[in-house]
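S.K.: Below, each chain spelled out in residue letters.
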Amino acid sequence: MSPLKIEKGTSRHSAYDLRDPHAAPEETHTLAVVVDNEAGVLARVIGLFSGRGYNIESLTVAETDHEGHLSRITIVTKGTPAVIEQIKAQLGRLVPVHDVHDLTVEGPAVERELALFKVTGEGEKRIEALRLAEIFRANVVDSTLKSFIFEITGTPQKIDAFAELMRPLGLVEMARTGVAALSRGAR
Amino acid sequence: MKGQMSGARMVVEALKDQGVDTIFGYPGGAVLPIYDELFLQNDIRHILVRHEQGAVHAAEGYARSTGKPGVVLVTSGPGATNAVTGLTDALMDSIPIVVLSGQVPTFMIGNDAFQEADTVGITRPCTKHNWLVKDTADLSNIIHQAFHVATHGRPGPVLVDIPKDVQFASAEYTPPERARTSHYQPRVKGDIEQIRKLVALMETAERPVFYTGGGVINSGPAASQLLRELVDATGFPITSTLMGLGAYPASGKNWLGMLGMHGLYEANLAMHDCDLLIAIGARFDDRITGRVQDFSPGSTRVHIDIDPSSINKVVRTDVPIVGDVAHVLEDVLKLWKAGGRKTNREAVQRWWAQIEEWRKVDCLAYTPSEKTIKPQYALQRLQELTKDHPRRYITTEVGQHQMWAAQFLRFEEPNRWMTSGGLGTMGYGLPASIGVQIAHPDALVINVAGEASWLMNMQEMGTAVQYRLPVKQFILNNERLGMVRQWQELLHGERYSQSWSEALPDFVKLAEAFGAKGIICTDPADLDDAIREMLEYDGPVIFDCVVEKHENCFPMIPSGEPHNKMILGENASTKDAIGSSGAVLV
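From first to last, the protein sequence lines are chains B and G. Per the working numbering, the very first residue in the first sequence carries number 1; after that it's consecutive. Per the working numbering, the very first residue in the second sequence carries number 188; after that it's consecutive.
For the record, the hints were derived by calculation from the structure and aren't laboratory data. Do not take every clue at face value.
[Stated by the list, open to error] No farther apart than 27 Å at their CA atoms in a straight line, the calculated lysine-lysine pairs in the BS3-like style are these: (1) G/529 to G/376; (2) G/561 to G/736; (3) G/440 to G/529; (4) G/440 to G/521; (5) G/521 to G/376; (6) B/78 to G/500; (7) G/547 to G/574; (8) B/88 to B/78; (9) G/736 to G/558; (10) G/376 to B/88; (11) G/384 to B/88; (12) B/88 to G/500.
Just so we're clear, the structure is a prediction, and the values are computed from it rather than from any experiment.
Excised from the complex, chain B in its bound form (with noise of 0.2 Å):
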């Protein structure tokens, strides 16, 4: 009836552009988000995630200023850089927000998480347990006969390589709290 060149019958084009204008590498950022400690805040940031397709690969939270009600959420993410930029400014604009900071690019940072570790294990796989805990510096914080409980503290990578090295002494659980980060300096 009408002179398209479109194609009929192709799906070519759909009601939706289906090509991701995104492709650009990854980045992982830290950012600390500074909020009211109300009710719901933590799910309005997590559903803002989830809502928008962002990831989370980890994240802390407690109340940080007793007094004056705020909380600060530590989340690290990865995306590319637009989508990084996107991700601070949705949170910057939620009402309970007070202040978003993305340590990765405002200076160098520390970043912190505290792993637990349980390890069974007896003879020689215990005595190697306990070795390598010494080098990474662990405290063991429960033992029993059979069993060690470790706490470690320090980058996600160094809790990463010592629970590959626990793996096939006896790692039985872990429990991890995510990171905790502060910018380095006075500021």
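On the provided structure of chain B, position chain G as indicated by the hints.
M.R.: Using the frame of chain B, we list chain G on its own:
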């Protein structure tokens, strides 16, 4: 000092202190104390809708036509969930709405009580912010905060969920001036250095274009006035999104018409070929940009927006200016005038000559018919017969008729055009027209509708009749889901899956059943008289305008294509007019 009072009373007092004179709502168990308080006063008028979705859309129509926030009162559970579509619509289109919902008593929350729903959980992603009030002492403060958040920064919907025991309990009332709103204060003034850059770019630009959106209208009448002054001062061409129509008058000499997927040829090609793109209160929606990689490839982009997350979200911006449109435009104009600035006149004249060439394509041309009413013709006649009305307001549903209305109706003022842009909510137009008519009792309010969309919220005819609202429902009836049918024809091998409106009601009888007037028109020769009959009738009218069934809406940019790959209708005169860069799919 108003002192101690019940939570229900507090709601009414807080609304009065916020200047609210009208609310849209529907009662139910969990809001009965508030309805009781409404019964005992005369300052706030309550409009009883027939469905909570209708209440929110009516409040949107009220808000968009007045610039004031729209207020909605619904009950818990289904009352709140029915409001979700309206909330999402208002969020996408940045409309200030305050929804107050009832909730089961605090001690029953989480027990799966009768008509309980996790309202703040459900509405968290579709509101700008929401609150569950757990203590009557916080209630008035939170309501004032809610109005503050809804109307400051980029406007949007908010919701306050009020458990029934909180409505019954008493506490001290907090007046608006003592409410804690200091933390949420979005920036309104733009960075003056960035504004200087914009002014410098405007002086040297050879092919500039203003691309304006709903943000200009949301910023208030001053923003539209300043925009008009800036366009006059520079002589640059201006186009607008669907949401921004009316900020610059359609009769203005620099007006290119709407841009985007069904926008005008000249507007889209100007966007594609410009060297300076000045985006004002617009968000580069995918219906505007087409294929992002090929969007306006040679331009320097300036983006004025109050929401920092709009900047660089879709396309990279060279000069971002975060601020309220009116504040920023005021500074732009000041700098422009103070320096005695001049545009690159010769180049801009050449640019206009190019635009005039594109205009000759006459992209809205269609095949006239003496036998059937062409939808475009119906809207042309509606425009002709209503254009002199001093207070004409248009709402629409969603689909082909909406795009034709945007193409063929002409808007001279802001706040006169209410349409669901971002969410594309079928069923928006009828309740929105009710909200507009409530706000402007003497105005001419027309809902340009398609028969399928209109049926989605047709129960609101009851509201129109109850409140004697003379809203005109102008239904372009093609017995099809026209836009779905169009996509199926063009992209899915003419397999018309479920896009017929079968078993339609007799709209004249339907009107009569509601106590309204029904008119049917099938012959183009009768159309003018029928429209006049509709306009002259003092009451609500359902106008069944039976139109051509297989008309397609052109021009059209297929998704995933750039602006210069438009499909034109068969009547556009493409012979001589297409310039070198206009490699057009015809």
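S.K.: All the hints need checking, so say for each whether the structure fits it.
M.R.: Each hint, compared with the structure:
As the CA atoms of residue 529 of chain G and residue 376 of chain G are separated by approximately 24 Å, the hinted pair is consistent with the 27 Å bound. Taking the CA atoms of residue 561 of chain G and residue 736 of chain G, the gap is near 9 Å; set against the 27 Å cutoff, the hint holds. The hinted pair formed by residue 440 of chain G and residue 529 of chain G meets the criterion: a straight-line CA distance of about 19 Å does not exceed 27 Å. Note on residue 440 of chain G and residue 521 of chain G: the hinted pairing holds, with a Cα-Cα distance of about 23 Å set against a maximum of 27 Å.
Annotation: proposed proximity of residue 521 of chain G to residue 376 of chain G holds, straight-line Cα distance about 14 Å (limit 27 Å). Restraint check for residue 78 of chain B and residue 500 of chain G: satisfied, since their Cα atoms lie roughly 17 Å apart, inside the 27 Å limit. Under the criterion of a C-alpha separation no larger than 27 Å, the hint pairing residue 547 of chain G with residue 574 of chain G is consistent with the structure, at around 24 Å. As the CA atoms of residue 88 of chain B and residue 78 of chain B are separated by approximately 12 Å, the hinted pair is consistent with the 27 Å bound.
Among the hinted pairs, residue 736 of chain G with residue 558 of chain G is consistent with the structure: their alpha-carbon atoms are about 12 Å apart, no more than 27 Å. A threshold of 27 Å between alpha carbons decides the hint, and for residue 376 of chain G with residue 88 of chain B the separation of about 21 Å falls inside it, so the pair holds. Between the alpha carbons of residue 384 of chain G and residue 88 of chain B the distance comes to roughly 25 Å, so the proposed pair stays at or under 27 Å and holds. Between residue 88 of chain B and residue 500 of chain G the CA atoms are separated by roughly 11 Å; this keeps the pair inside 27 Å, and the hint holds.
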